[in-house]
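Residue strings, one per chain:
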Amino acid sequence: MSAHAMQKLYVFKIFERIWHWSQAGLIIFLLITGFEVHGSYANFGFEKAVNYHTIAAWSLVGLWVFAIFWHFTTGEWKQYIPTLAKVDAMAKYYLFGIFVNAPHPFRLTTLKKHNPLQRLAYLGVMLFIGPLIWFTGWFYIFFDKWHAWGWDKYLSLEWVAFFHTIAAFMMLLFLIAHVYLTTTGHTPLAHIKAMITGWEEVEAEEKK
Amino acid sequence: MRITHILLAALAGLSLAAGASEPPAAAPAAPAAAAAPAAPAKMLSSTADHSKFKELQQSFKSGPEVTKACLSCHTEAAKQIHKTKHWTWEWVNPENNQKLGKKNVINNFCTATASNEKFCSSCHVGYGMENAKTFDYTSETNVDCLVCHDTTGAYKKLPGLAGHPTYKDIEFPPGSGKIAKAVDLPKIAQAVGKTSRDTCGACHFFGGGGDAVKHGDLDSSLKKPAKYLDVHMDAKGLNFSCATCHATQGHNIPGSRYTPTGKAEDAAHMRGKENKGNPASCQSCHGSAPHKAKERLNSHTDKIACQTCHVPQFARAQPTKMTWDWSTAGKLTPDGKRMKIPDASGHHDKYDSIKGNFTYESDVVPEYAWLNGKVKYTLLGDPVNTQGVTKINEYGGSPTDGQSRIWPLKVFRGKQPYDLETKSLLVPHTAVGYGEKDDSGFWANYKWDAALKAGAAAAGQPFSGKFDFVSTEMSWPITHMVAPKADALTCTQCHAKNGRLASIKGVYMPRRDANGMLDIIGWLLAAATLAGVLIHGGLRTYLGRKG
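Residue numbers (our numbering), protein chains in the order written: chain D, 1 to 208; chain E, 1 to 547.
Bound conformation, chain D alone (with noise of 0.2 Å):
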C-alpha cells in the first residue's frame, strides 16, 4: 500500500461521531421496519412494525434538532458547502485511479473533512432526501388530523406514501454506496475507524 508517512489528524469531534452511528442505527432500522409496514416483506409483524417505524422516526428527529444546532453553533455547517472543484477528479479516481492506486485527488483537514463528492451527497441526504422523508412521514404520523385540519382537500396518502417510498429508496442507495465507499481508504476499515474514534489517518504534508 501507501509508501507515504502518515499522520494523524482528529476530524470527528464526540458529538459528529455519536450522531453518525446513531443516525446509522435509526435509518437502518428505519429501513428494516419501514419496507415491512410496505409489504416488502414480513418480520416483527404490522403493528410492531408501524410502532417501531414511529418511535424510531421521532428519535431521529430529536437527533436531528440536536445535529442542526450543533452545526451552526459550531460553524461546521461550512462542511457541506457545494462545490464543484475536484468533482470530476473524484469521479476519475473513482473510475480510474483507484484501481491503480493512483494518488487520491482530495487531501483531508480539519476544516475540509468531506471530499467534493461527500459534500454533494451529504448535502443532498440532508437537504432532499431528509426533507422529504420528514414531511412526507409527519403526513402519515398527522393522518389522523388531516380531516380537522382541513388537510384532507389537498392530501393524498396514496401520494404521501408514494413519495416516502421514493425517499426510502433513496436512503437506500445512499446506504449501500456510502458504506461501499468507507471501504476506499488507504485500509479498508480506516474510514470507519476514524469514524469511530475521531482520528483520521492522513497522508503527512510534504515538507519543502
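It is possible that some hints are incorrect.
[What the hints assert, rightly or not] Listed below are the simulated EDC-like cross-link pairs for lysine to aspartate or glutamate, each with C-alpha atoms no more than 20 Å apart in a straight line:
#1 LYS85(E) <-> GLU95(E)
#2 LYS391(E) <-> GLU95(E)
#3 LYS153(D) <-> GLU265(E)
#4 LYS79(E) <-> ASP136(E)
#5 LYS48(D) <-> ASP487(E)
#6 LYS505(E) <-> ASP152(D)
#7 LYS48(D) <-> GLU295(E)
#8 LYS294(E) <-> ASP144(D)
#9 LYS505(E) <-> GLU158(D)
#10 LYS145(D) <-> GLU295(E)
#11 LYS292(E) <-> GLU47(D)
#12 LYS48(D) <-> ASP513(E)
#13 LYS497(E) <-> GLU47(D)
#14 LYS331(E) <-> ASP343(E)
#15 LYS145(D) <-> ASP401(E)
#16 LYS350(E) <-> GLU473(E)
#17 LYS294(E) <-> GLU47(D)
#18 LYS505(E) <-> ASP144(D)
#19 LYS145(D) <-> ASP302(E)
#20 LYS292(E) <-> ASP144(D)
#21 LYS145(D) <-> GLU265(E)
#22 LYS485(E) <-> GLU47(D)
#23 LYS497(E) <-> GLU158(D)
Derived by calculation from the structure, the hints in this document are not laboratory data.
Keep in mind it's a predicted model, so treat the numbers as computed, not measured.
Here the structure of chain D is known, so what remains is to put chain E in place on it, guided by the hints.
Relative to chain D, chain E alone:
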C-alpha cells in the same frame, strides 16, 4: 290452615326482602306467595308502582281496554306513538321522497306485508291491523302499550291475530294440538315498566320469520348476553338495554336503517344536552378519537366505522339466514303434504315447502362498503334487473363524498317473484288469518298464481299473470353485538394483500397497496447499486493484488 299459609307467606316475603339483590321474578317460586298480598321484593327504580293504581286494577278483557286505562294518565302517549314508524309503518325518505316503512317496502325474506297483515301485525304496536290500508291510524285505544312496556315476559302477540294477544286459550299453531294460553292482562298491566331487551327483542330478534333470521347482529342471544357477545349488553356487566343507546324522546326511537348515520362526526355528547346527532351512534358516547392506549388507531376513525373492526363477525351466538330461494317453494311430499328438510346442523331447515330453500351461517365475516347513510329501495313498480341481481336496497357512499365510512354489511341474497311484463317485484299473499279459510294464501295452498294475484290486489299493483323469479340482494349494516376489544380485528386482517378490505377502493392502505412500478424501479436500482459496488470492490481487490 289459613293462618299457617299467611305465616309462610310472610316468611317467604321476609327472606325475599333480605335477599333484595335478587329480582322479584323469584317470587313465584315460593308456593304460598300467591295467598298473601305480594310485598315488593325489591326497591323499584321507578317512582310509580303500577300495581297500586286503581285504573289498572280491573279485569281487562282486551288490549284496547288496557290502553284506555294507560291513556287516562299518560295522556299524550298515543299521540306520540301515532307519529312513529312503529305505528304508521310508513316513512317518507326526505332524500328521495321514497315511501318506506313496513307498509311499503319489499324485502327478500317474507317479502311484504300487503295481504299478510293479520300475520305480520303481530309486530305492529297496535291492535287490529287486518289491512294496513284501511286500518284506523287515528285510534288512540288501538295503540298497544304492553308490547313494549311489559316486564313479565308473558305478553305475546301470536301471528294471525292481527296484532292482538290471545284473550282466550286457543290451539296454536292451528292443528298442532298445542294450546296457547290467554294472556293475563291485569297482571301484565300492573307490572308495566321500561322497555327492555326482551320487549324490543320480541319483534326485532325474530325478524324475517324466526330467531336470528334477519339481522345477523340481533337475535335472542341478546336477551342475556355474555360479554364476549356484546360488551355493552353484557348481562353481568354494563347490562345496557336497547334504549340506552337508542335514547328515546317522545316515543320516537332514534337509529333507523332507513336513515343510518354513515359518518357520525360528533364529539361525545352529554345526554340531555341538545344535540342533533344520532344518539345511537358509537361516537355519541365514545367520540371520534376513542383509542387512548393505541392512538394510531384514531387515524382510522375518519374512514372506517367503529363496527368494521369491533364487530369482527356477525351471527356469533347462533346462525343467521344468509340466502332464501323462493323459486323452489311449493314442492310437496307424494301425498301432498308440506315437507321440511333439515340442514347439516340439524337445527334449521334447508327446505320448507312454504318458503323454499335456505342457507344459514354462523360467525359470518361481513362484506364491506362505503356508506353515507343515504339509501334507495326497489319498491313496488320499480323495474328489476332481469339480467343480474336486483338490489332491494342500495346504500349510497363513496370514498370521496366526505360523508362516508367503510361499514360491515350482512348481504342477504335470494330469489323472489316478479312480473314478467311489468318487471316489478311481486307481493305473494302467504299467511292467512287465524282460523280462516283462504284458498289464495300460498302457505295454505301452494299456488303461486293465486297467491300473487291476491298479493297484487292487496298491494294495489297490476299483475299480468306471468311471473318468474329474480335474484335479489339486500344489505343490512351490522352494528350490534360489539365484541370485546381483544376480539376486534387486528391490523393485518385488513393491512394485507387479500385482507378483509381487499375490494374497498379509494383508500390507501399500507401493506395492501403499493405502487408496483415504484417498487420495481426502486429494487432494481438498489440491486444495480449493490452490483456496482461489488464489481468495483472486486476489481479493486483483484487489481490491488496484481499490482
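Status of the hints after comparison with the structure:
Restraint check for LYS85(E) and GLU95(E): satisfied, since their Cα atoms lie roughly 17 Å apart, inside the 20 Å limit. The suggested pairing of LYS391(E) with GLU95(E) holds, with an alpha-carbon distance near 18 Å, which does not exceed 20 Å. Between LYS153(D) and GLU265(E) the CA atoms are separated by roughly 17 Å; this keeps the pair inside 20 Å, and the hint holds. The hinted pair formed by LYS79(E) and ASP136(E) meets the criterion: a straight-line CA distance of about 13 Å does not exceed 20 Å.
With a C-alpha separation of about 18 Å, the suggested pairing of LYS48(D) with ASP487(E) holds against the 20 Å cut-off. The hinted pair formed by LYS505(E) and ASP152(D) meets the criterion: a straight-line CA distance of about 17 Å does not exceed 20 Å. Between LYS48(D) and GLU295(E), the direct Cα distance comes to roughly 14 Å. Compliance with the 20 Å bound is thereby established for this hinted pair. Restraint check for LYS294(E) and ASP144(D): satisfied, since their Cα atoms lie roughly 13 Å apart, inside the 20 Å limit.
Restraint check for LYS505(E) and GLU158(D): the C-alpha separation of about 12 Å stays at or below 20 Å, so the hint holds. Taking the CA atoms of LYS145(D) and GLU295(E), the gap is near 12 Å; set against the 20 Å cutoff, the hint holds. Using a Cα cut-off of 20 Å, the hinted pair LYS292(E) and GLU47(D) holds, with the two alpha carbons roughly 16 Å apart. Taking the CA atoms of LYS48(D) and ASP513(E), the gap is about 19 Å. The hint holds against a cut of 20 Å.
In summary, the hint linking LYS497(E) to GLU47(D) is supported, as the alpha carbons are separated by about 15 Å, within the 20 Å threshold. Taking the CA atoms of LYS331(E) and ASP343(E), the gap is about 17 Å. The hint holds against a cut of 20 Å. For the hint linking LYS145(D) to ASP401(E), the alpha-carbon distance of about 18 Å falls within 20 Å, and the restraint holds. For the hint linking LYS350(E) to GLU473(E), the alpha-carbon distance of about 19 Å falls within 20 Å, and the restraint holds.
The straight-line distance between the Cα atoms of LYS294(E) and GLU47(D) is roughly 10 Å, inside the 20 Å bound, and the hint therefore holds. Annotation: proposed proximity of LYS505(E) to ASP144(D) holds, straight-line Cα distance about 19 Å (limit 20 Å). Proposed proximity of LYS145(D) and ASP302(E) is supported: the alpha carbons are some 9 Å apart, at most 20 Å. Restraint check: the Cα-Cα separation between LYS292(E) and ASP144(D) comes to about 13 Å, which is no more than 20 Å; the hinted pair holds.
Among the hinted pairs, LYS145(D) with GLU265(E) is consistent with the structure: their alpha-carbon atoms are about 13 Å apart, no more than 20 Å. With a C-alpha separation of about 16 Å, the suggested pairing of LYS485(E) with GLU47(D) holds against the 20 Å cut-off. Note on LYS497(E) and GLU158(D): the hinted pairing holds, with a Cα-Cα distance of about 16 Å set against a maximum of 20 Å.
Checked against the numbered hints given earlier, the structure satisfies every one of them.
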